[in-house]
Amino acid sequence: MTLQVELVSPERILYSGEADMVVCRTAGGGEIAFLTGHAPFLGALDTGVVRVKTAAGDQVAAVHGGFVEVRDNRVIILSDVAELAADIDVARAQRAKDAAAGDEDEAVAARARAEARLNAAARA
Amino acid sequence: MASGQERILRRRIKSIQSTKKITRAMELIAASRIVKAQQRVAAARPYADQVTAVMGNLASGGAGLDHPLLQERDPVRKVGFIVLSADRGLAGAYNSTVIRAGERALQAHQAEGRDYELTLAGRKAEGYFRYRDYRIGEAFSGFSERPTYEDARKVAQAAMARYERGSSEPGGVDQVELVYTRFLSMGTQKVVNVRLLPLERGAIEGAGAGDGPQAAYEFEPEPGQILERLLPRYVEGRVFAAMLDASASEQAARQRAMKAATDNAEELIKNLGIVANKVRQAGITTEIMEIVGGAEALRQAKTDGRTDYFPDTILSRDLLLDHLDRSGAYK
Chain W
1 MTLQVELVSP ERILYSGEAD MVVCRTAGGG EIAFLTGHAP FLGALDTGVV RVKTAAGDQV
61 AAVHGGFVEV RDNRVIILSD VAELAADIDV ARAQRAKDAA AGDEDEAVAA RARAEARLNA
121 AARA
Chain Z
1001 MASGQERILR RRIKSIQSTK KITRAMELIA ASRIVKAQQR VAAARPYADQ VTAVMGNLAS
1061 GGAGLDHPLL QERDPVRKVG FIVLSADRGL AGAYNSTVIR AGERALQAHQ AEGRDYELTL
1121 AGRKAEGYFR YRDYRIGEAF SGFSERPTYE DARKVAQAAM ARYERGSSEP GGVDQVELVY
1181 TRFLSMGTQK VVNVRLLPLE RGAIEGAGAG DGPQAAYEFE PEPGQILERL LPRYVEGRVF
1241 AAMLDASASE QAARQRAMKA ATDNAEELIK NLGIVANKVR QAGITTEIME IVGGAEALRQ
1301 AKTDGRTDYF PDTILSRDLL LDHLDRSGAY K
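Protein sequences, first through last, are from chains W and Z.
Heads up, the first sequence is in my numbering, so the first residue is 1 and it goes up one at a time.
Heads up, the second sequence is in my numbering, so the first residue is 1001 and it goes up one at a time.
Heads up, a few of these hints could be off.
[Stated by the list, open to error] Stretch by stretch, here's where chain Z covers chain W in the computed footprint (C-beta under 8 Å, at least three residues): (1) 18-31; (2) 42-51; (3) 63-69.
Please keep in mind that the hints were generated in silico from the structure rather than gathered at the bench.
We put the beta carbon where it would ideally sit given N, CA and C, even for glycine.
Looking at chain W on its own, in the form it has when it is part of the complex:
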């Protein structure tokens, strides 16, 4: 038994395939992992890293908000801003992180996004 995983952005399906486990981070709830047979679940995602563990290796993506729905061994992750680790421009994310100094909401959010990208890239 495996999970059927889909990582969907508004413009295209980023990843679709089978996996053993999916780890993501819900808003306010912390990290959560899904294995086969998980109870139906619906959550809102925080800015962070989504990890899809497959037999062939891990798929890692950075998401900036989004939603996760788990049902009947299907995991669907919807995110309007999502990037697969392979597509992340590490140098650019690093620059964005360095540029986003300060405590304003905007800067904090930008830093969180840059960090999520860097984390995803590092874990891939």
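Once you have looked at the hints, place chain Z on chain W.
Structure of chain Z alone, referenced to chain W:
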């Protein structure tokens, strides 16, 4: 020798030929872009479908549908319009149709005493409404041929911000309508005017019910909070879908317009070619008549014995042949 008139005709034919080359190229480019635009419409569908499904699940999971974006307001005092047009022309009636549909909707609301607020996408809509002195809330451009989700988000955010303010505050509205061109098929595109905000509750409540028995979901955070995050994404998604449809329609309209232009150019070239040939033939005929006439006059003058007027020393005997050689008409 080509006469002046003929030269002008030939020049026109040449210029139409180069115009035809351009319109043909544009036609082919548009045709290939329609396919790409259609692929993008298809690629965007899974997300939109999933967002709708999740919303249905939230609704049946007990999320209260009292979110502001779902609240009908009565009375509606001010209506916001989003009009999606193209940045470039040369697309037949594409721009004018959608722009006029927007203007008509706006005037219909005005006739019933409602105020308006315009959110425009595409340079053409902006030009039209600005020229006619409409009050423009915001105008976006530069993406009509290849809209991204980011573009849709900007437009949707602007509309949502106005809607949330409500008509009691300056710049706020009680309802938002979206006017765009829906892509039905290569041959058919239709301008539609749909209500974007408030969202139709029925569409949300019914969305999740279709796929089998409802599962008892765990929610994190609670359903209401998820819905609060999800609804704006849903609105953005609808604007994005409309933009993708509009861009496919734009390319289809452009392809048709450029095909018509190419056909017209061909027709013109054919007709002008016939006229030019006629003019040339008429010129040759006139020349022959003149020569024959001249030779005849010469011969008669000689037989009449009035040689003093036409001495051989002035006019060569081979006048006719000579002239024909120079004119190049008989080669």
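Hints versus structure:
1. 18-31: holds (count 4)
2. 42-51: holds (count 3)
3. 63-69: holds (count 3)
Consistency with the previously given hints is maintained throughout, with no hint failing.
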